[in-house]
Amino acid sequence: MATSLFDQFISPVLLGIPLIALAFVLPWLLFPAPANRWITNRMLTLQNSFISNFTAQLLKPLNTGGHKWALIFAALMLFLMSLNMLGLLPYTFTPTAQLSVNLGLAVPLWLATVLIGMRNQPTKSLAHFLPEGTPIPLIPVLIIIETISLFIRPVALGVRLTANLTAGHLLMHLISTAAYSLLCIMPTVAILTSIVLVMLTVLEIAVAMIQAYVFVLLLSLYLQENV
Amino acid sequence: MPTSPVKTRIPLTSFGHLVTEVKRQLFGIEPPTSLELTGWRKYFNSYTALGRRNCVLATYGILVATATVYVMHRRNSQEKKTQPAV
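From first to last, the protein sequence lines stand for chains A and B.
First residue of the first sequence: 1, per the working numbering; consecutive thereafter.
First residue of the second sequence: 1, per the working numbering; consecutive thereafter.
Incorrect hints may have been included.
Said to hold, decoys possible - The list that follows gives simulated cross-link-like pairs (lysine-lysine, PhoX-like), each with its CA atoms no further than 25 Å apart:
1) LYS124/A - LYS68/A
2) LYS124/A - LYS23/B
3) LYS124/A - LYS60/A
4) LYS124/A - LYS42/B
Bear in mind the hints are in silico, worked out from the structure with no lab data behind them.
Full structure from sequences and hints, please.
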């Protein structure tokens, strides 16, 4: 059966059962569960250290009202990072390469930050639509521009993650196909292409971690404005 | 390595704060205090939170009013076209 470049992004279905649910649940099995011991093992200590440092860094600019979001930010960061990294393995499906998944994460969380701002401090939330010190003739234009930028935020959040992962996977697929095809014809070029593939894979590992961090960081910035 | 002359920590999602801080620290331009704003400028300005809120609400109100007038006018014109000429 001839396959196209985009077959890797089709949501897998086995005997009519969508496997995307398994793809969402399985990463959690890889994380060590907290044990009932005073001193834990190395993996758990590393995990706790990473989560604590990351959460402390993320919550520094937020006031105490925003600290309620510590759990959801830490969980979201681990979830996205594990989904992105597992998708780099061969023949695996990356749920975060689907726009529906990323918009499903971005829109409710962004909307929650906006509604929290409108409920707790409506004057300050509305005042955010007009930058301080704007000259009078520019006031209506800037208000419209800031309103549009507010509504574009969840779309940008979702599309950023989708586009980065999709582009990376496509590039890896193309270069690996080229390396495989050239192996018999031009072995030297195939070796060079394989070196490029290795470097691209390292880049994609970095992109997977960075994009998960950027998603959560931007959400924390939107929360910072509203809490 | 030269460091930035702007010393305050500025939120990345607010250009208003950036503009105000840059004007204050680089050029020494201070925004007017609330006492200097009199008349309608007291309620509609781009310096105080209340003034900015009122400007935003006024802009939205004007947009909604314009859209409502346009829709009503269009509906009336369509009704006049469908009615037979007397």
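Cross-check of the supplied hints:
The suggested pairing of LYS124/A with LYS68/A holds, with an alpha-carbon distance near 20 Å, which does not exceed 25 Å. Taking the CA atoms of LYS124/A and LYS23/B, the gap is near 22 Å; set against the 25 Å cutoff, the hint holds. Restraint check: the Cα-Cα separation between LYS124/A and LYS60/A comes to about 21 Å, which is no more than 25 Å; the hinted pair holds. Restraint check for LYS124/A and LYS42/B: satisfied, since their Cα atoms lie roughly 17 Å apart, inside the 25 Å limit.
Checked against the numbered hints listed earlier, the structure breaks none of them; every hint is satisfied.
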